[in-house]
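These protein sequence lines are chains A and B, in that order. Mind the numbering: the first sequence is residues 1 to 330 in the numbering used here, read in order. Mind the numbering: the second sequence is residues 1 to 325 in the numbering used here, read in order.
What the hints contain is simulated information worked out from the structure, not anything from laboratory work. All C-beta atoms in this analysis are idealised placements derived from N, C-alpha and C, irrespective of residue type, glycine included. Where hints are given, some of them may not hold.
Partial selection, computed: residues in chain B whose CB lies under 10 angstroms from chain A [unchecked claim]:
# : residue
1 : 21
2 : 166
3 : 325
Using C-beta positions, here's what the derived DEER-type ranges look like [what the hints assert, rightly or not]:
#  : chain 1 : residue 1 : chain 2 : residue 2 : range
4  : B       : 31        : A       : 25        : 47 to 55 angstroms
5  : B       : 250       : A       : 192       : 15 to 23 angstroms
6  : A       : 268       : B       : 137       : 46 to 54 angstroms
7  : A       : 91        : B       : 262       : 41 to 49 angstroms
8  : A       : 324       : B       : 180       : 57 to 65 angstroms
9  : A       : 194       : B       : 249       : 53 to 61 angstroms
10 : B       : 150       : A       : 316       : 50 to 58 angstroms
11 : B       : 106       : A       : 194       : 43 to 51 angstroms
12 : A       : 45        : B       : 36        : 32 to 40 angstroms
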Amino acid sequence: MTTGVRTSYREAIRSALREALQRDPRVFVMGEDVGRYGGCYAVTKGLLEEFGPERVRDTPLSESTFVGAGIGAAMNGMRPIVEIMTCNFSLLALDQIMNNAATVSHMSGGQFSVPLVIRMATGAGRQVAAQHSHSLEGWFAHVPGLKVVTPATLEDARGMLWTALEDPNPVLIFEHALLYNAEGELPADAGPVDIDTARVRREGRDVSIVTYGGSLPKALAAAEELAQAGVQAEVVDLRTLRPLDTGTIVASVTKTHRAVIVDEGWRSGSISAEVTARLVEHCFYELDAPVRRVCSAEVPTPYAKHMEDAALPQVADIVAATQDAVSTVA
Amino acid sequence: MPRHTEDHRLHLLREMLRIRRFEEKSAELYSAGKIRGFLHLYIGEEAVAAGVMQSLAPDDTVVATYREHGHAIARGVGMGPLMAEMYGKAEGASRGRGGSMHIFDAATRFVGGNAIVGGGLPLAVGYALADRLRGDARVTCCFFGEGAVAEGEFHESMNLAALWGLPVLFCCENNLYAMGTALQRSESETDLALKASAYGMPAWHVDGMDVEAVEAAAQRAVTTVRGGPGPVFLEMRTYRFRPHSMYDPELYRPKEEVAAWKERDPISTVQATLREQGALDNVALEKLEDEVAREVEAAVAFAEAATLESLDDLARFVYAEGAAE
Ligand SMILES: Cc1ncc(C[n+]2csc(CCOP(=O)(O)OP(=O)(O)O)c2C)c(N)n1
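Build the full structure now, drawing on both the sequences and the hints.
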């Protein structure tokens, strides 16, 4: 354990927002209920009082236009941080994200760029049913022109925002809703971290568990359980879904020769499918077993607890898939 | 106040002619296979772009649609890069990546042809927001067709711009048809200025076939926006003489209607006024036409001589090159 300040994922993001607002006068925060209400997940709580209504802007329920306004303001020299309450509502802003943010640089022959950050909550697990439980980060990762990051640790929650703001491209930050309360120690001087590499979060020689975001704690718990059973699982945190750090994934699997991918998105056409394809393309002959995937069941996330639990990747599922992968004889 | 002197009237005529002749040439080159993709002509609507641009300062921002050759030319985007863009050449305004519908020009703050109906409005709100936050006195002028008025982005943007008191000039080009859908077949309230005024901003309509009326209205609107705070909505009642794009059999409107609107051709109207005043005769008109023709020919020559982007550069600009300033 690092020594430092006890904090939460939510507070880590808030202090990153505060620092950004302090450091750069071009930065402002905008979204639904980010001000007076304090943010639907209380991430922006207190920022209105500290920075005032010009820089912490409550917007009407107009996802398309406040995201588009963020794009326009970014093109016009500002550094907006737009909060969309949850990725479920980002669907109402999809036009602006895909047709403007992702295209303007290329379509203008490089004359304009969109240095915009969009934050949103993602993921299921709170019994809020289908329309509030989507995991859409894999979808957005499909789109050239965007960058997609999924902080899973306090360090990344604290450090990815500033790097994203310094990036001249639109960066989408997906914060898993179940992580906001996660607590731990963060060095008092924690600062920016890169947003283009994956990280090995736990070393192991027998099998690689590749995951990101809200599934990272589950993968680490599974690895712990597997260790009791004598299986040394390596856990790779993708951190960034676009650009995908193929090198780190391939290096891990080249060492362990087995891979299990854990993704809260649906299996078909998911980021787990993309990771699988890259392994096949880059280290096919290193694989001693078929790639296993633990994904969400292909249903709209149900409300009832037992059904929701069954629909989402769980520690037991990861353990079982990993046991299966290591027991396969090449 | 607009300068309705003869010289200025001649200038307006020239601007409209530049657009008309450029587009006639574009249609010809489309048939010849030199230009591909979608091509939406502005012919008939020239008074709108030519009139509105007179009221804007170089530092103002223009957000346009896919029917934007007129806006680009009147704004001062070079005809050469414009034509080269439609040729798909590297010397094109958007280096061949945009085509007719996506002309961008940072130098004139021309922030693109946007081909999603209504898609430019939120962007304009953001440009104006940035100016407001910095204390810059710019106006963002956003063009869109009356078809966009049915889109959610229109309503969200009108509301947000008015709510936050942002310096946007919303320029609605009402040419009565969204592709084949007539206004009364898509709007419960067809008085668009009335509709816009519900958002709490000054809104009125003007005869979009009369370039001087457009200019006067735009001057007044821009002065109001600059005086602030808040946006203005201008509805320009106009008509497109040509099909929606190059693939439109025009089943949705009677030929007589088109003929009646052509009687009100904004170019003929100004010419008639100038002739009446004795400020334009055949010799002068021929000279003007000749100068415009030469500019168009030079643009075609530029596009013909321009080069194709190297395929090694296919993926350039997907992400910004170099760090953010
Ligand atoms: C969101 C969206 N829906 C549909 C289209 C297809 N489309 C292209 S132009 C057009 C008509 C738009 O009419 P209007 O806004 O009045 O502009 P005009 O073409 O008359 O200049 C349509 C439906 C589109 N480009 N974008």
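Cross-check of the supplied hints:
Contact between residue 21/B and chain A, as hinted, is not supported at the beta carbon level, the nearest pair being about 26 angstroms apart and thus beyond 10 angstroms. Below 10 angstroms, beta-carbon pairs count as interface contacts, and residue 166/B has one with chain A at about 9 angstroms; its hint therefore holds. Given the 10 angstroms rule on beta carbons, the hint for residue 325/B holds: about 8 angstroms separates it from the nearest Cβ of chain A. Remark: the range hint 47 to 55 angstroms for residue 31/B to residue 25/A is upheld by a beta-carbon distance near 53 angstroms.
Hint check: residue 250/B to residue 192/A, Cβ distance near 58 angstroms, so the stated range 15 to 23 angstroms is violated. A hinted range of 46 to 54 angstroms holds for the C-beta pair residue 268/A and residue 137/B, which are about 52 angstroms apart. The hinted range of 41 to 49 angstroms is satisfied by residue 91/A and residue 262/B, whose Cβ atoms lie roughly 44 angstroms apart. A C-beta distance of roughly 58 angstroms is found between residue 324/A and residue 180/B, which places it inside the suggested range of 57 to 65 angstroms.
Roughly 56 angstroms separates the CB atoms of residue 194/A and residue 249/B, a value that falls within the hinted 53 to 61 angstroms. Against the hinted window of 50 to 58 angstroms, the Cβ-Cβ separation of residue 150/B and residue 316/A comes to about 51 angstroms, which satisfies the hint. The hinted range of 43 to 51 angstroms is not satisfied by residue 106/B and residue 194/A, whose Cβ atoms lie roughly 30 angstroms apart. Look at residue 45/A against residue 36/B: about 54 angstroms separates their beta carbons, and that is not inside 32 to 40 angstroms.
Of the numbered hints listed earlier, those contradicted by the structure are 1, 5, 11, 12.
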